[in-house]
Amino acid sequence: MNGTEEATSQKDHTMFLYDKINFTATVNSQQNGILLITIGSMFTIASFISGIVYWNHNRK
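In the numbering used here, the protein residues as written are 1 to 60.
Accuracy of the hints is not assured; some may be wrong.
Now the in silico label distances, taken between C-beta atoms and shown as ranges [stated by the list, open to error]:
| hint | residue 1 | residue 2 | range |
| --- | --- | --- | --- |
| 1 | 54 | 24 | 40 to 48 Å |
| 2 | 59 | 26 | 45 to 53 Å |
| 3 | 11 | 50 | 54 to 62 Å |
| 4 | 34 | 14 | 27 to 35 Å |
Calculated directly from the structure, the hints in this document are not laboratory data.
Beta carbons are placed, not taken as given, at the ideal position from N, Cα and C, and that holds for glycine.
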């Protein structure tokens, strides 16, 4: 459905809801991916900074 027609039959309603559920699942998957990338990046940066601090602290 392109959004200009009214859904009158049960099949139209079913396809509309299927499209909405499919879109929602896709958005949720993308949000989870972004969250994992963000958390992973923060841990990576924190580890890198900790390594630099440790190396500077133990340097002679």
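Now for the hints, and whether the structure bears them out:
The given range of 40 to 48 Å is respected by residue 54 and residue 24, whose C-beta atoms sit roughly 45 Å from each other. For residue 59 and residue 26, the Cβ-Cβ distance of about 49 Å falls inside the hinted range of 45 to 53 Å, so the restraint holds. Evaluation of the 54 to 62 Å hint for residue 11 and residue 50 yields a pass: the beta carbon distance comes to about 58 Å. Distance hint for residue 34 and residue 14: a CB-CB separation of about 31 Å, consistent with the stated range 27 to 35 Å.
Every hint from the earlier list agrees with this structure, and none is contradicted.
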